[in-house]
Amino acid sequence: MTDVTLSSSAAKRINAILAKQSGKDFLRVSVEGGGCSGFSYKFDLDDKANDDDIIIEKDGARVLVDEMSVEFMRGSEIDFSTELIGAAFTVKNPNATASCGCGTSFSL
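With numbering that gives the first Met the number 0, letter number 56 in the sequence shown gets 55, and the count goes up by one each step, no holes.
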């Protein structure tokens with residue numbers, strides 16, 4: 000079990016995206032080294048879960064996070080926001096000590 004959560008807005012958007020993608024059943028969120036703040040979030044569509052994946056579900060939407068990435072994301076909420084400059088998935092991470100303006104990279 001993990002304490003990474005999914006907002007209703009993110010679940011709604013994931014369901015809309017996956018409805019248009021044949022053979023894709025999950026949104027995969029991972030943490031990679033790099034980005035302007037040290038770590039960055041990566042968002043991909045996937046067709047299957049790996050043995051080490053944590054599955055987060057809300058309102059029919061399913062998100063995969065691998066065990067290594069979960070360690071960086073404990074207590075986070077995956078959200079989807081629509082603003083004047085665009086719409087994107089974001090991660091509200093209470094462990095991040097800094098993040099960049101784009102919201103996809105952070106440091107611990």
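The set of hints was computed from the structure by calculation and includes no laboratory data.
A hint or two may mislead.
[Said to hold, decoys possible] Calculated lysine to aspartate or glutamate pairs in the EDC-like style (CA-CA distance at most 20 Å, straight line):
hint : residue 1 : residue 2
1    : 19        : 2
2    : 47        : 58
3    : 57        : 46
4    : 47        : 82
5    : 91        : 50
6    : 19        : 51
7    : 41        : 70
8    : 41        : 65
9    : 23        : 65
10   : 57        : 24
11   : 57        : 78
12   : 41        : 66
13   : 19        : 46
14   : 11        : 66
15   : 19        : 31
16   : 11        : 31
17   : 11        : 51
18   : 41        : 2
Right, here's what the structure says about each hint:
Taken as a hint, the residue 19 and residue 2 pair is broken in the structure, with Cα atoms around 29 Å apart against an allowance of 20 Å. Our distance criterion of 20 Å between C-alpha atoms is met by residue 47 and residue 58, whose separation comes to about 19 Å. The hinted pair formed by residue 57 and residue 46 meets the criterion: a straight-line CA distance of about 18 Å does not exceed 20 Å. For the proposed pair residue 47 and residue 82, the alpha carbon gap of about 31 Å is over 20 Å, so the pair is violated.
Of the pairs offered as hints, the one joining residue 91 and residue 50 is violated, with about 26 Å between alpha carbons and a cut-off of 20 Å exceeded. Between residue 19 and residue 51 the CA atoms are separated by roughly 27 Å; this puts the pair beyond 20 Å, and the hint is violated. Using a Cα cut-off of 20 Å, the hinted pair residue 41 and residue 70 holds, with the two alpha carbons roughly 15 Å apart. For the hint pairing residue 41 with residue 65, the CA-to-CA distance comes to about 12 Å; that is within 20 Å, so the pair holds.
A distance of roughly 17 Å separates the Cα atoms of residue 23 and residue 65; the hinted pair therefore holds under the 20 Å criterion. Proximity of residue 57 to residue 24 is assessed by CA-CA distance (about 13 Å); at most 20 Å being required, the pair is judged to hold. Proximity of residue 57 to residue 78 is assessed by CA-CA distance (about 12 Å); at most 20 Å being required, the pair is judged to hold. For the hint pairing residue 41 with residue 66, the CA-to-CA distance comes to about 15 Å; that is within 20 Å, so the pair holds.
Annotation: proposed proximity of residue 19 to residue 46 holds, straight-line Cα distance about 13 Å (limit 20 Å). Among the hinted pairs, residue 11 with residue 66 is inconsistent with the structure: their alpha-carbon atoms are about 25 Å apart, more than 20 Å. Distance check on the hinted pair: residue 19 and residue 31 sit about 27 Å apart at the alpha-carbon level, beyond 20 Å; violated. The suggested pairing of residue 11 with residue 31 is violated, with an alpha-carbon distance near 25 Å, which exceeds 20 Å.
Distance restraint check for residue 11 and residue 51: the Cα-Cα separation of roughly 25 Å exceeds the 20 Å cut-off, and the hinted pair is therefore not satisfied. With a C-alpha separation of about 19 Å, the suggested pairing of residue 41 with residue 2 holds against the 20 Å cut-off.
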